[in-house]
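Visitor: We have chain A; now place chain B onto it with these hints.
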Amino acid sequence: MWRYVVKRLLLLIPVILGAILIISFVLSLSKGSPAEIILGPGFQQEEYDEYNRELGFSDPFFVRYFRYVGNLVKGDFGTSYYNKTSVWSELKARIPISLRTTFMALALAALVGVPLGVLTAVKQYSMFDTIPTAMAMIFAATPVFWLGMLLMFFFAVKLGWFSVLPVGKFKDLILPTLSLGLPHAARQMRFTRSSMLEAIREDYIRTARAKGCKERTVIWHHAVKNALLPVITVIGNSFGAMFGGTVIIEKLFVVNGIGSLMVKGIGNRDVPIVTGCVVIIALVYSLVTMVVDILYAYIDPRTKARFIK
Amino acid sequence: MSKKDLYKNTDGEKFIETDKLLIIKNLEVIYKTDKTTVHAVNGIDLELGKGETIGLVGETGAGKTTTALSILRLLPEVTAHTPHGEIYFNGENLIQAPEERMRDIRGDKISMIFQDPMTALNPVYTVGEQIYEALELHAPEHKTKEELNARVDEVLKMVGITPERKNEYPHQFSGGMKQRVVIAMALACEPELLIADEPTTALDVTIQAQVLIMMRELRDRLGTAMIMITHDLGIVAQTCDKVAVMYAGEIIESGTAEDIYNSGKRHPYTEGLFGSIPDLTEDTDRLKPIPGLMPDPTNLPKGCYFSPRCPYATDKCRSEHPPVHVDGDHKIACWLFAEKEE
Chain A
136 MWRYVVKRLL LLIPVILGAI LIISFVLSLS KGSPAEIILG PGFQQEEYDE
186 YNRELGFSDP FFVRYFRYVG NLVKGDFGTS YYNKTSVWSE LKARIPISLR
236 TTFMALALAA LVGVPLGVLT AVKQYSMFDT IPTAMAMIFA ATPVFWLGML
286 LMFFFAVKLG WFSVLPVGKF KDLILPTLSL GLPHAARQMR FTRSSMLEAI
336 REDYIRTARA KGCKERTVIW HHAVKNALLP VITVIGNSFG AMFGGTVIIE
386 KLFVVNGIGS LMVKGIGNRD VPIVTGCVVI IALVYSLVTM VVDILYAYID
436 PRTKARFIK
Chain B
52 MSKKDLYKNT DGEKFIETDK LLIIKNLEVI YKTDKTTVHA VNGIDLELGK
102 GETIGLVGET GAGKTTTALS ILRLLPEVTA HTPHGEIYFN GENLIQAPEE
152 RMRDIRGDKI SMIFQDPMTA LNPVYTVGEQ IYEALELHAP EHKTKEELNA
202 RVDEVLKMVG ITPERKNEYP HQFSGGMKQR VVIAMALACE PELLIADEPT
252 TALDVTIQAQ VLIMMRELRD RLGTAMIMIT HDLGIVAQTC DKVAVMYAGE
302 IIESGTAEDI YNSGKRHPYT EGLFGSIPDL TEDTDRLKPI PGLMPDPTNL
352 PKGCYFSPRC PYATDKCRSE HPPVHVDGDH KIACWLFAEK EE
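Line order of the protein sequences matches chains A and B. Taking the numbering used here, the leading residue of the first sequence gets 136, the next gets one more, and so forth. Taking the numbering used here, the leading residue of the second sequence gets 52, the next gets one more, and so forth.
Chain A on its own, in the form it takes in the complex (with noise of 0.2 Å):
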């Protein structure tokens, strides 16, 4: 087991370079250089250049890719263009932000999510499948922004039990985990529901239930954990989601974490900033994919065997 963590853990290597690459090509691609967006218009030609030098963006392509894989190996993630800062404090800042919201939004919709999808399943065509099918229909297909701007009016502007404007007290944390949990919830609980319903219909449930199972041995133990396999992989999905891309969110209820911070460096073309919010989404979703194989393979002893020999 351990030698397949090892494994995966080298694997990130290349998965990193590669986002890098890709990342750095599709910003040296863009309209308009940094200097441009620092200095404004009306710029001096001579100004300009002197800039573009200074910043190491009259370089090469490949030059600066490897100068950045360079310093990152020595754990500098180089300064920002705009700012003048070093890029790792803001990510420092932001990332605990980031995880933060992220493991209360992921709790949320697996804790809600997961045990709804097993009823609905188990209770199917009755009133416990309906409503909570129903609902989760509606929170699927919410605009997040618009759930997030709902409740926002509800509980904070009407009803006043949150402040519009967070201090960061843990109640302004829930809100946003609401907003961004609810239709992560729904998701998952319509995937449990259906994975639950395939493995209800198996034939080792009717075996348990004629060794003389409880009901709820039968379902919980037998049922839920054959269910759970496809459910992990969504779960994992969720939480790459949830990190990186949640800027809306973060921008309503002013969540200063990483997805706001990569759209501010995006408008400044500031590079550095963007690159080193990438490399730590692109580490976060790949250790989230290793965890959900290891747990996998944990579960279902068919993986496993497959992993050691």
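No lab work stands behind these hints: they were computed from the structure. Since no wrong hints were added, every one of them can be taken at face value.
Cross-link-like lysine-lysine pairs, in silico, BS3-like; alpha carbons within 27 Å at most:
hint : chain 1 : residue 1 : chain 2 : residue 2
1    : A       : Lys-293   : A       : Lys-386
2    : B       : Lys-208   : B       : Lys-101
3    : A       : Lys-306   : A       : Lys-386
4    : A       : Lys-349   : B       : Lys-65
5    : A       : Lys-258   : B       : Lys-83
6    : B       : Lys-196   : A       : Lys-360
7    : A       : Lys-399   : A       : Lys-209
8    : A       : Lys-258   : B       : Lys-86
9    : B       : Lys-316   : B       : Lys-339
10   : A       : Lys-349   : B       : Lys-194
Listed next, the stretches of chain B that the computed footprint assigns to chain A, with coverage defined by at least 3 CB atoms under 8 Å from CB atoms of chain A:
hint : stretch
11   : 159 to 170
12   : 182 to 189
Example chain B residues on the side facing chain A (calculated, C-beta under 8 Å, incomplete):
hint : residue
13   : Leu-125
14   : Asp-155
15   : Tyr-220
Note that beta-carbon positions come from the ideal geometry of N, C-alpha and C, so glycine has one too.
Guide: Only chain B this time, still in chain A's reference frame:
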């Protein structure tokens, strides 16, 4: 009315005095969906003494498995209903028994072996864990973990698997070995009745023979009564004391193995079944299959259900349901024999 209540009917008594292990009276099972009603089992009667083996023979869709599942009350809850019928197990009417009582009986007093060993075992638990679970559910409280684990080893040895393999998962076993595990699981609590639903259909022929011989030996050793569901008359001849032939949800002929195989009297359908087995002593190029298909269970024909395919069918067969002709243990539901009596 809750779904569970639809299972039940109030026919007969809760308990009766009997020395028979299993008595089924006038059992009827339907599957009801929004559009159609499938008449899967249409009023069958069956008796089984302690330690006896009965072969339940018939084509696919004749209602054999439905009959077996209704004994354990494992029919799909939403669609299946039992509007009529009594099933007495040691004198206790299972149709009216509470669900908790059924859980005590399942796996302990009555066990079932399913058709496909490939899918009958849970892929995420070791075979040892799965056998242990069956034992633990029905073990008396004073039994320790060690005693139960020792019993797991014992039943594995009994079906010819080395106990060291108990920590392996189902995917590490071949089909025949998996069926042995399923049999071990079914026999772990030494049930009084074992229902084997085509236990060898999914296995190849050499493994079939091994498994059958093993089942026969274990049955004799443990004194378990058995219902052997099959469409293979050869298996019935090898293992069964009694035979019941099912067609379109009815038992159209029943009796001792001797009655069915050697007496001159046979239901035309049974005759057809024998006709479709290749005979080594006769020189023929073709088998003699029964022409036609089993009637649609949502729309059963009038009169005798076999009449559309029967070479001897008369107008009477097509309009009136046949009476049962009784000759000792041998029962045939056919007009052919009823008329001879008159």
